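For the protein sequence lines, the chains are A, B and C, in the order given.
8 is the number of the first residue of the first sequence in my numbering; add one for each residue after it.
4 is the number of the first residue of the second sequence in my numbering; add one for each residue after it.
95 is the number of the first residue of the third sequence in my numbering; add one for each residue after it.
The set of hints was computed from the structure by calculation and includes no laboratory data.
Some hints could be false.
Quick look at which bits of chain B chain C covers, simulated, 3 or more residues with Cβ under 8 Å [claimed, not checked]: (1) 34-48; (2) 51-57; (3) 63-77; (4) 95-104.
When the alpha-carbon atoms are kept at most 20 Å apart in a straight line, the in silico EDC-like pairs for lysine to aspartate or glutamate are as follows [stated by the list, open to error]: (5) A:K212 / C:E449; (6) B:K129 / A:D201; (7) C:K205 / C:D276; (8) C:K359 / B:D44; (9) B:K201 / A:D45.
As the structure is a prediction and not an experimental result, all values here were calculated from the model.
Glycine is no exception: its CB is placed at the ideal position from the N, C-alpha and C atoms.
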Amino acid sequence: MNLAFYPGCSLEGMANDYERSITAVFDKLDVKLVEIDDWTCCGATAAHSLSETMAVLLPAKNLAAAEKMGLDIVSPCANCFNRLTYSRKMILKNIYDVPWKVTGKTKIYDMTRFLAQPHMIDQIKQKVLMPLEGLRLVSYYGCQMVRPPKITGFTDYENPQTLDKIAVALGAISLDWSYKATCCGASIGIGRRDIQFNLSTRLIKKAHQAGAEAIIVSCPLCQSNLDMVQNEKGMPKIPVFYFTEMMRLAFEGEKCSIQNFRMHLTDPGRLLREKGLVK
Amino acid sequence: MKPAREKTDLDVPDQLSGPRRIIGDRGDHFLRKVEGETGADISACYQCERCTNACPVSAYMDVNPHQVIRYVQLGWREELLRTTTIWVCLSCEMCTTYCPNNVDVAKTINHLRNMAFLSKVVPAEKILAVFHKTFVNELQRFGRVNEFWLMGSLNRHPDVLKEKIKTGALKEELVLGFEMFRKGKLKLLPHRCNEMKKIREICRK
Amino acid sequence: MIPLKNKPVGKVMVIGGGIGGIQAALDLADTGFYVYLADKSHSVGGTMAQLDKTFPTNDCSTCIFSPKLVEAAGHPNIRIMTSCELMNLDGVPGHFTAHVRRMPRYINMDKCIACGQCAEKCPKKVPDAFNTELGMRKAAYIPFPQAVPLKYALDPDQCLYLTKKKCGLCKKICPVGAVEFDQKVENFTLEVGAVILSAGFELALTKEHGEYGFGRYRNVVTSLQYERMLSATGPYGGHLQRPSDGKSPKRIAWIQCVMSRDISKNRPFCSSVCCMHAAKQAVLTRSHLPESETVIYFMDIRAHGKGFDEYIERATFQHQVQYKRSMISQLYVNPQSENLVVETFDHHINGTVEEEYDLVVLSSGFQPSKGWKNLADRLNIHLNPYGFACGDFDEPVSTSRPGVYVCGVLESPKDIPETVIQAGAAAAEVSGLLSEARMLPAPDENQGADNQIEETPETGQEIRVGVFVCHCGSNIAGVVDIPTLLSAIQRNNDVTFAQDFMFTCSAETQDRLAQTIKAHHLNRVVIAACSPKTHEPLFQKTLEQAGLNPYLMDMANIRNQCSWVHGKDTKKATAKALELIKAAVARAKNLEPLEADTYKIVNDSLVIGGGLAGMTAALTMAKQGFHVHLVEKTGQLGGFAVKLTHTLEGHSPPKLVRMLEDRVRSNPNITLYLNSELSEHSGYIGAFNGIIINAETRHEISYGTVVVASGGTAYQAGEFRYGQDERVVTQVELAERLRRDPQWPRQLKNVVMIQCVGSRNETFAYCSRVCCSAAVKNAIALKDINPDIQVVILYRDLRTFGFKELYYLEARRKGVLFFRFIPDEAPVVYDDHGQLVVDFTDRSSHQEFRITPDIVTLSTGIRPALDNEKLARLLKLSRTPEGFFMEAHVKLRPVEFPTAGIFLAGLAHSPRFADEAVAMAKCAAQQAIKVLCQDKMKTSPTYAVVDPDLCTACLACVRICPFGAPFINKEGISEIVPAKCQGCGMCPSECPARAITLRHSTDQQTVAEINALLDKIEF
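Chain A on its own, in the form it takes in the complex (with noise of 0.2 Å):
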């Protein structure tokens, strides 16, 4: 099975571990991701908050060329699942004059919808090498991936499951707690940067609180701001790790390095080395 892998501009970037993880992770998997030739960026905040126009057509191209490959699209960043779903039901309507041929035949994922479904988090058991024994995991999932419910279709908004169902397949312990979806604070620390602090330093503190040691997402800029927000003297140290990160530890055991890793500004070494999953 082939999908339209749409990486998004942050993955060429401050994610590029998470692209990297995500490759490894494919390789292993019955599915082949076919990145979209030549994509161009969602837009993300910054378009919408412009102009609804420009957001609803930037996406367009890419949807455009998906459709033309055949394939359903795959995206691994939650502000890019939604402004592709947003645009295409926007684009639906037929209100816009839109430059690409979009006619809404093939769907969208994101990533970690896509791996839970069923057959897949068969498909992962089977993989892991190395299941993720006794690694106590909360899953964030922001919001741009869950909300609005309408665009997104998580009817489980406040409480989502696909992290938690693909972290428990990894054999990890999946801790429930209330702020799976509570907003990491986005873009804001561009201009206010208290606020970001504000808002981040929060997640890491009731993370810590539900008995977490580390945190997995599948948002390039929630990663950032939770990774980045634990230099602050007093935090507790919790590692912030791309869901493919875990899923590539556990699938390939004992060959995956430590230095896969390294882009983490929260250091997970010792986590790791604690539970025995790296050396």
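Chain A is fixed; fit chains B and C onto it per the hints.
For chains B and C alone, coordinates are given in the frame of chain A:
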């Protein structure tokens, strides 16, 4: 004995500020315009404050989400465009998700942000306003947005630079930037897409 | 006699055994119809059986409901059919064929003796639906301890034998061979004349909705679960605890409007009762756990019923229930304590506040019960988009199918009294439809006459006292040490036999009680339980069933007067209970059998008031063949409704008035007296006499019943420049102007409406119920004519309950602006150089506003009619402090007075909508018909008698009696009319010659009781 009647939370008069406001004759002109442009059912609001309770940043807003809806109903355009609210809104969609009346609060606030860009009102959060513009400018240059170049362009904006030097944010950012570079989180050369003409056309809409 | 071809069938099918169904069944059964009372479940009782206490009196729900259940179970005209569902209905009104399906119970009901051994031995535990899945029950079970009928059942989805052919233990151990695994579904038909639907409701919130973490967080419960948690028969035995860890909660929050008033959940309507039941639950919590803190998060407090606002006041100021006007978005959990965290934005500190609660109760909205939609489809009954079978304005309990009626929450969300009213109204409709088929038992039928035991003290037989002690669930047994008490009683030489029961009042216990009395040849009975006020009639019936004279019984109130007030001291409470019982035993030994007299009934009725309610009541009785004297003090029929234009829903009360007036004037069974009033009134139920006067004439009339429908009056405002500025009008005046001059709003730019004028204030505490809807209606009308008008409504709580909420939404969508104010910041209306100005403060935007309207409209409330006081004195009726008439019981007897034979309807009771007044009038008429359709009436045997040898005709008794029962007879001595005497005991105490004895409260009996109380108690 009947206990003394104390004031409860229900009937404590407010500390009000500002002058008494006049409600004019044709208050819903602006309301209908915004409703038409956004498709948001703004008039359905019954002021239950669930949006404001849901909002993670209401404490940083001068006008809370439920009040934004009320202000739109009253046609207070200028005031809304001047708020910090429209800039600190995270588009996290909590308000919209939890509204019992299906009012698309987030879309309404976003629309006000759109209006603010088109107006002459000075944005209450300059850096955030500049950031959005810079982001789209970068998008227009290459088709994709490179974080390294984005931050560079943003910091070259005189207003931003001045502000960041004043608050010391620039120094912090440089330290963090170096750390990121060291960790390999920064891609120095941007990718350039085809069909840039169409992209730029869109960005003018 | 061969029945006439067109004579309808005098049998009725009532679907649903909740309070609505039970009430409808009783109202029909007592008026000569045979009722099949069908319920899908294995017991009747409905939701009311699950409730702990009821607002606003905090009466124990079981205690007030149980007597009704027992009455229905024992009624010769009612057949309770559990596990039965109506599948289809053929035919026409008066001649329906009902197709009924009975699901197997797997227990033979004729054999089952409810010994409980099957449940005890059953190995399969399942979540207990009656206890809202907070507790467990077995697969062999009774739905709840007071179930009617008290017969076990097997759960076919859980029973190991029925699912897997394993186990079968219950069949082996059942001592009477009642277990029948091979029971099959039965289909049968019944011939009925009409059907009443009262299938009730369920909570709309399910675990799948995920709202507020229900189903995810263990300490988040629904309002119905909390009701079970409070209940003595609930999963925690009435000791409030958290589901997660069993600790008693200290901080408890309620969240209102869950799955109500929520368009996003497709439930845009209001469920009407949640505001009150949350207040009640909070008050009860504070009395269970005085250390607890209770917080209610809400949007509007909808306390639109009689005495409700006063209850909220009490909750707030007396019980320190905290109200926070804020709609919570979601709940967070503290992972260590499993406490719930509520985040709200606090305007006073301009920041978000986190508050932790041990327990959160979600006040979930209602929806019609599962399967109702299918039944409605099968019966071809039209439903509104939310699945309710809403009645019409002029026929509030009719459905789209003639001959099929509806009542209760199924019609629209409502509380218990409104359900009882609709049940009575539905019964009245059926009774009218089928009145030709009314069958009444022969007047002197005497049940159990053949086994009458002629044992009286006079016959010299041995006195054998039996004592029966009630646990009342844990109401008594939770405090009083029953085994110790019982053995102490058994040691008492005066007592022949003593036994205890879990619920002595339950229907099944009555049979056991009667059998025990017979088996032990008891001839005096003491019931140690609750108050004789509520339960004496029930146990008297049981004595009759056992062949004893009903007056050979006494009650010791060891609940209200002992366990409830000495909850902390088991030892002393037990000792006191024993003392009370000893006194009752002493009294019982001196009791004498008493016989009732009978007298002929006047089959005419008097209706006071010619408004909507009065005319409806008169027509309801006239239709069924009873003559009615309808008295109206003005020269016009229609009352309050004449002045109205249309309702929120678009109906015209004046049109209804005209239609009713035509029918009243042309009905030969109605004598109409305009410009008249009742000037004298005497007599008693079934035999009243009165004089109706007008300017010229006087009519002496006799009547068996009275319906008081004397109406209400509009509040005459003096505030907000009303009366001094013609631009300030009332809602009624505005509506009238709109009717007269529909183009007028085109000239208007600005209209302000002010709510709660003359209501909900220091001098007049209650809510007028209708004003919010009136304002919304007029606002919509203004906007419809001229969408550019700025309509501003200043309100305190918007009380558009039920489906009226949809119009509130419509008004908002039309651009009407609603601003909330608080009494301390009341709006100010003044004239500024000829310009009308309104200044006010909005509580949502926290801004002060000024508006210069063309028109200010005041929502002035409804006040009691001025004549109420006079009428109350004439009829000897009591009134509320505000001046409305006081009903016999706010929950279950809303249209009755304590004085028998007099009934209440319409605005005379409390402010209400026209359709509600119509339903109430029909219900009141039906209660009156219970009397009118009889031939003869029994008097109460407990009246006072004068010893002619001792009487000095001093007139002391004549003066003191509130009921006018004594008079000086031809012989010149006092005589007391038994039918009038209420047995209050005032004249015997007052009589200086000690010539008067109150039967059943003789000196001898009372002295014996006192002496017993003064005796030393031995344990």
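Given the hint that B:K129 pairs with A:D201, does the C-alpha gap stay at or below 20 Å?
-> holds, 15 Å
Mind taking a look at whether chain C covers the stretch 95-104 of chain B? Criterion is 3 or more residues with CB to CB distance under 8 Å.
-> holds (count 5)
Straight-line Cα separation of C:K205 and C:D276 no greater than 20 Å?
-> Holds, because 15 Å separates the two Cα atoms, which is no more than 20 Å.
Three or more residues of the stretch 51-57 of chain B near chain C by CB distance under 8 Å?
-> Result for this restraint: holds, n = 7.
Coverage claim, chain C over the stretch 63-77 of chain B, checked by counting residues with Cβ within 8 Å (three needed) = holds (count 7)
Count residues of the stretch 34-48 of chain B with a Cβ under 8 Å from any Cβ of chain C, then say if the count reaches three.
-> holds (count 6)
Holds or violated: B:K201 to A:D45, with C-alpha atoms at most 20 Å apart = Status holds; Cα separation ~14 Å.
Agreement of C:K359 and B:D44 with the hint, judged by alpha carbon distance not exceeding 20 Å = holds, 15 Å
Between A:K212 and C:E449, does the CA-CA distance stay at or below 20 Å?
-> At roughly 17 Å apart (the allowed maximum being 20 Å), C:E449 and A:K212 satisfy the hint.
Checked against the numbered hints above, the structure violates none of them.
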